[in-house]
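Asker: Listed in order, the protein sequences are those of chains A and B.
Take the first sequence: its position 273, counting from 1, is numbered 273 in the numbering used here, and each next residue is one higher.
Take the second sequence: its position 528, counting from 1, is numbered 528 in the numbering used here, and each next residue is one higher.
Every clue listed holds true.
The list makes no distinction among identical chains, and a pair is therefore deemed to hold if it is satisfied within one copy or across any two copies.
Cut-off 25 Å, straight-line C-alpha distance, at most; resulting in silico cross-link-like pairs (DSS-like, lysine-lysine):
| # | residue 1 | residue 2 |
| --- | --- | --- |
| 1 | K554 | K462 |
| 2 | K555 | K462 |
| 3 | K300 | K637 |
Quick caveat, the hints were computed from the structure, so don't treat them as lab data.
Number of protein chains: 2
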Amino acid sequence: MWQYQNDALSADALLVGESLFTLANGYLGVRGCFEEGYGGDVQTIRGTYINGVYDIVPVTHPERLWGFVEKQDKQPNLVDLQSILVELDGEPVNIHVGEYTDYKRILDMEKGFSHRTFKYVTKYGKIASLTFKRLVSFEYREVFAQSVHIEYEGAIKVSSLMNTHVRNFTDHFDPRVSSEEMTLIEMDEIVGSENRHFAKFHTTHSGIDLACLSMHRTFSNASEVSRHQSHSSGGITEIFTASGQLELEKFNIFSDSLREADVEKHVNTIADALEGECFMSLLDHQHNHLQDFWNASDIKIEGNEKDQLSIRFNLYQLFQSVGRDQHSNISAKGLSGEGYEGHYFWDTEIYVLPTFQLNQKDIAKQLLLYRHKHIESARLRARELGHGRGVKFPWRTISGIECSAYFPAGTAQYHINGDIAHAFIQYYLYTEDKQFMLEYGGEVLLETALLWIDMGHFDEGKFKIDAVTGPDEYTAVVDNNYYTNALAKHSLEWTVKVCNMLLAYNQAETEKLFERLGVTQEDLQVMQRAGDQMYLPHDAELGIDMQDDRFLRKKIWDFDNTPQSHYPLLLHYHPLTLYRYQVLKQPDTVLAHFLLEDYTDYETMRRSYNYYEAITTHDSSLSPCVYGIMASRLGYKEKAYAYFGDSLKLDLENTHGNTKDGLHMANMAGTALSLIYGFAGLRVTEQGLKLRPWLPEAWKSLSFTINYRSRVILVTVSDTLQLEMIEGAPLTIEVEGEGHYLETKVFLPLKR
Amino acid sequence: MWQYQNDALSADALLVGESLFTLANGYLGVRGCFEEGYGGDVQTIRGTYINGVYDIVPVTHPERLWGFVEKQDKQPNLVDLQSILVELDGEPVNIHVGEYTDYKRILDMEKGFSHRTFKYVTKYGKIASLTFKRLVSFEYREVFAQSVHIEYEGAIKVSSLMNTHVRNFTDHFDPRVSSEEMTLIEMDEIVGSENRHFAKFHTTHSGIDLACLSMHRTFSNASEVSRHQSHSSGGITEIFTASGQLELEKFNIFSDSLREADVEKHVNTIADALEGECFMSLLDHQHNHLQDFWNASDIKIEGNEKDQLSIRFNLYQLFQSVGRDQHSNISAKGLSGEGYEGHYFWDTEIYVLPTFQLNQKDIAKQLLLYRHKHIESARLRARELGHGRGVKFPWRTISGIECSAYFPAGTAQYHINGDIAHAFIQYYLYTEDKQFMLEYGGEVLLETALLWIDMGHFDEGKFKIDAVTGPDEYTAVVDNNYYTNALAKHSLEWTVKVCNMLLAYNQAETEKLFERLGVTQEDLQVMQRAGDQMYLPHDAELGIDMQDDRFLRKKIWDFDNTPQSHYPLLLHYHPLTLYRYQVLKQPDTVLAHFLLEDYTDYETMRRSYNYYEAITTHDSSLSPCVYGIMASRLGYKEKAYAYFGDSLKLDLENTHGNTKDGLHMANMAGTALSLIYGFAGLRVTEQGLKLRPWLPEAWKSLSFTINYRSRVILVTVSDTLQLEMIEGAPLTIEVEGEGHYLETKVFLPLKR
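Just chain A, with the same shape it has in the complex:
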């Protein structure tokens, strides 16, 4: 189950397929567009992106208030190198215009490439056989390679493009994609030498230099291939003609000045290295890299092949999209589309990181380092927001600046600070990496904690935090959002713990850190007190934790009289309408219960779940997986599996209708979380690993590995729970609340 096949060819399916067949390597991403185009007026978003590369565009507000963002990052669409047009006896090959048979398109997740074959019938009834393969290299992050193989008894003409006339996708009616057309890249130089087409360009406002280069190589048995070049204002076309058969390999290289001082030199260096490679040899590298990945990170499901394939698809897409260096993170849509303009959100810390924490420590670490790298921007933003101390991380960003133009559902989400702190704490719990905490984690924890004590206040013996928005954006700018307060409490408590740990670990350096940040013992005491006395709103009558101070006093949304066509509500109702009702876009208090279950009791969790689930629309793709995980926690097994199914098919079946704008990375991670933190019930706490496993009836087994403090542990849930210490020292693991000592292997009965 390593091959995802999708042969749909409707106009809609092709556009969605561009996202699903995206190839990427964490640095470079190329949407799965057809080389030769579709023909007709089929819409395409022909995108190529580099993770972390941004342009900055001015933001104008019709009524600008103090501290409103004045500029915004946008991920530019780069020069198009994936286009390769085909003509047979002068007839352009376009599947939406001509006839075809035997169409097949596959994403091979074991070998790391996609291929597409079909037979094309010309208007004179002659039949050609075409195969397109492509990969984005895990070996050479700069490289996107293509292979085209055509067999046809007649004249074959192939035109390979370097197309510089590109732009970003816009939709005036959807707030989730860019609404204004802008030129995000400008060309500096386009040169076509014999073997290398080269273009130098830069992002329009941010001035990041970029280069790309294409190389071509042909193989032909039947006839000679003739070749010539054509130049235009739009770029360079390399034209190949042959008859009978043509095999073309095109290697495309991208570089950017965030990473390389001389982008022109760099693409040529890579090109030199590629002289010794062919498409097949690149495929070999892919396979090796992916073996390592799957060895560490595969999640095996026995008993349902579709579930197995789907979860692998999601893991694969996450692995393709996640940044591998401090310049990059993982955007809401990964490298697969332009939704949310390539911005990084809390999705990283709350959804994606827990997936990678599990067994891809290096990636997890890079994601955290990205945040630390941008702490100065967060510091400046905190000052802009009137905070004398601390940092305020941006709600959405690429370059580190706040890019949220609608603050009630953006900047107001102060929980981003808590989410990031939570991720650093989880990383520490997984790794016990004290040096990392000294160098990076401590600063992030202290600065976010300083912000909480700056913005909150003691009132009636409790520490309270006003005017924030929680994860549920259908309620905005409220006081004492449970989620925010719980995350703040966690962050404050752990900041003090980590400081004490660091003082023991390296007093001198820790004191230097305190000094640099101006942190005093008194600050730590206030943090401790604020954490201890944090107000977590609770409604005694209903016996549930309250989303915020006022939430439960509002009218409940009239679901009965809301037509299905009015979802997602945000596209059909004014924010003020939504704010007036008890209605959730996505879990808020329930998400806090998942992350921090110790702050409440089981019965409160259960009642809260029942209450909030009934008024949640799941208009956010981040919603179902959390409800699924908590359904597992509460023993709602059918529900848990149903939510898992909803999450699993969200992109594969385009259930939100906007997969064309890119894959929903947080939801994809959510499917993995559903397995690990839901069905297997993993929690990584100060007391160590905890599991509460159960297995859906449809399955025979579920297994995955955990990397935990220099150990590799294989977890298999089947009729029993099987724990195997693959590597590392013995460990006591808590299962269903009871400790079990694991030296090599343990079998435990499964609670049914």
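For this one, chain A is given, so just place chain B on it according to the hints.
Answerer: Below, chain B alone, put in the same frame as chain A:
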């Protein structure tokens, strides 16, 4: 005390003077710019406006959500006809470049014109005497007339402009004025015939046709005047040359297609009528009109000439700016500037109308008719905002559409509905005009009441209203704002009362109205119940009414550590910062106590006043007068007089620093309210007129007239309270809670 004199000539003073010396007649407004300009780089906002004429410009939001406004009205600056350049022996006369003596500038509020005289010293030491007079006619609303008189022993050259190169003022850094430069008018035709310069133009997007026309007439004793015309792309210049002496009259006429079918014909018709007039005859008309106005509306203060002059200045400016027909209202800055883009706000109903209600019934009625005329826009807006029934009046508008681009401090101010209803109710209380209520008031009351019952809900036995913003914009989108709920209660209760009254007055027509609006008896019952059970938040511990459900639980703003330069706070702090604190821009609960004192008790009012006043910044110009009025109510006499003084000098001394953008109409009205509703303590209630008069020590007397239900009553507060029935049937008036029968004249002791 009828002449306002201001001889300041600094660059700042000149710009502010343009607002202070604005001449207008409710239809046409011309800022008080110097005909000849200032010279140097002295800034000017050379504005001419017609009340109710708007362009519509597109609004783009960086993150557009459902129901965000997509277009916005803007008051266009019209063709400049006030410019008349002067040269003496070829030397341009500019007070900021050359030398001058004997400068004097006066606004004559009794005669209705302004005049400006000075002696100008040329670089050769020759002295000229110049006098400029101008008026905007109360007789011919379309007419702005100028008179220039120059005496100079040498060559005099006067160039009179029709300048079509105009634009609106913009300031990127102040949210209170327009930030984007746009072309709001486009020229269609410019024709210069011998005696009439004519231009036809239109508003760029809204397509309102406009025309203007200038006529010139000269008088010269010493020499012949020669005259010629010069045309350019920018317009027409009429050039006059003479020596020794030149007297020029320029009559400027404007018309618009909102009022006139053929604007070209109309300006010529007016021009024909003006052939029989001269500047002096126009002045005679002015005087007559103003005699009527002052007879009805003067407020006399004996004992402080400055106070007397200032209050007259304010009354005069209000009279100049207020619309006289259903196409127009009174914008935040009147016709004196471009702040808030010429929009009409709640300022009309809560500040300006109570001033005109008192003794200018026709004007008050027109202001209400304007709202009724735009009820269909309000109906559509309610639907956009998700309300199945009712109307939602725009927070700011000219043409009736919502123009607020920042909804938390705009659309969310649902109290605008209550404010408008309150004004209709007050009008009814003043006039007992049942026919008016049948034709207009009933519909407005019913539709706004329907909105309250649609948006609110019963909870814990109370009727509650969530997600609104009260008058204090430093707190936004809250639940159960006291002010909003109180106004809603008032509106609901009175809707039922008025319906019962109308059924008794004209059952058939009233039932037709119900039918047209789909109002049932059950609706009226719900209105009654919602009104009766309206939740008015109260804090038992502090013994004060709460601004909203959560307000008192927030941290109090750190006033001690806020530098003076950080006021107004809105220009120095992000809204989220402000929303986190107890800090008021302007009175909220205290304003409700002024309007609806029966909903609370004296001690609660007093404690609330003390509490809220201490945390109010008065960053809104609408603030001090209300605190002053309530200070009177509570017996804080020094405070009352101090606030009155602050209000009185706000524009005259430019204490808010932005009088250049126009006069603060609501504050100006507020100074009158301070006298009538504050010092004299007038309330107009269902039980009749009530007074609680007192007199500041500095004064000998305060007097004004009230028109009440076909009566004219003269109120004089001095050592005693003197009430005189000038006209109409006897009436019982409540003074300090005790009824007094007034047939002709009553003297009552003043409570000290």
